[in-house]
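Please construct the entire structure, taking both the sequences and the accompanying hints into account.
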Amino acid sequence: MVKATALTEIKSGRKRSHWMWYVFPQIAGLGCSDMAKGYAIADLAEATDYLAHPVPGKRIKEITAALLGLDSHNAPQVMDNPDDLKLRPSMTLFALVEGAGSVLEAVLKKYFDGHKDQATIQLIR
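Under my numbering, the very last position in the sequence shown is 130; numbers go up by exactly one each time.
Think of the hints as simulated: they come from the structure by calculation, not from any bench. Every residue, glycine too, gets a C-beta built ideally from N, C-alpha and C. Errors might be hidden in some of the hints.
What the hints assert, rightly or not - Estimated spans, in silico, between C-beta atoms of each pair:
| # | residue 1 | residue 2 | range |
| --- | --- | --- | --- |
| 1 | Q82 | D54 | 29 to 35 Å |
| 2 | G119 | G74 | 26 to 32 Å |
| 3 | R21 | D54 | 27 to 33 Å |
| 4 | N86 | D118 | 28 to 34 Å |
| 5 | I129 | A70 | 20 to 26 Å |
| 6 | L12 | R130 | 31 to 37 Å |
| 7 | G74 | S22 | 26 to 32 Å |
| 8 | S38 | T10 | 17 to 23 Å |
| 9 | C37 | F117 | 19 to 25 Å |
| 10 | L90 | S17 | 16 to 22 Å |
| 11 | A9 | R130 | 20 to 26 Å |
| 12 | R130 | R19 | 34 to 40 Å |
| 13 | K16 | G106 | 31 to 37 Å |
| 14 | N79 | T53 | 27 to 33 Å |
This is how it looks when you write it as structure tokens:
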């Protein structure tokens, strides 16, 4: 259900409902809300497991691919604040696992001029 909703919204070019935490989770220590803390990824090992899992791993890659298919290069056009601000940390975390050439890295290039989230990098170290 969540995947279908998120995928439909992204393909339409506009995120409208609340699913950011469990589709694009961030490294633990960034988010302040109970939801952000509950879905936070502890470290690179957990991020690796998340991507390898057949449900959330497939979901994040499909929805990320849909982001890449949009004409927009502007995250705030696709996602309202603060969700547009959560996208870069999530993509940074998972791009560090997947490496160059991944769809996750491609989102950083398309929407953030290739700049990774420095707070995420600091928390991982």
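Hints, verified against the model:
Between Q82 and D54 the C-beta distance comes to about 32 Å, which sits within the given range of 29 to 35 Å. Between G119 and G74, the C-beta spacing of about 19 Å breaks the proposed range 26 to 32 Å. Between R21 and D54 the C-beta distance comes to about 30 Å, which sits within the given range of 27 to 33 Å. The hinted window of 28 to 34 Å between N86 and D118 is violated, with their beta carbons roughly 19 Å apart.
Checked against the hint of 20 to 26 Å, the pair I129 and A70 passes, with Cβ atoms roughly 24 Å apart. Under the hint 31 to 37 Å, the C-beta atoms of L12 and R130, about 33 Å apart, fit the expected range. Checked against the given bound of 26 to 32 Å, the beta carbons of G74 and S22, roughly 20 Å apart, lie outside it. Against the hinted window of 17 to 23 Å, the Cβ-Cβ separation of S38 and T10 comes to about 20 Å, which satisfies the hint.
Look at C37 against F117: about 22 Å separates their beta carbons, and that is inside 19 to 25 Å. Between L90 and S17 the beta carbon distance is about 21 Å. The supplied range of 16 to 22 Å therefore holds. Separation of A9 from R130 is about 37 Å and departs from the stated range, judged on CB atoms against 20 to 26 Å. A beta carbon spacing of about 35 Å between R130 and R19 agrees with the range 34 to 40 Å that was offered as a hint.
At roughly 23 Å, the beta carbons of K16 and G106 sit outside the given window of 31 to 37 Å. N79 and T53 have their C-beta atoms about 30 Å apart, which keeps the hinted 27 to 33 Å range intact.
Hint compliance for this structure: hints 2, 4, 7, 11 and 13 are broken, all remaining hints hold.
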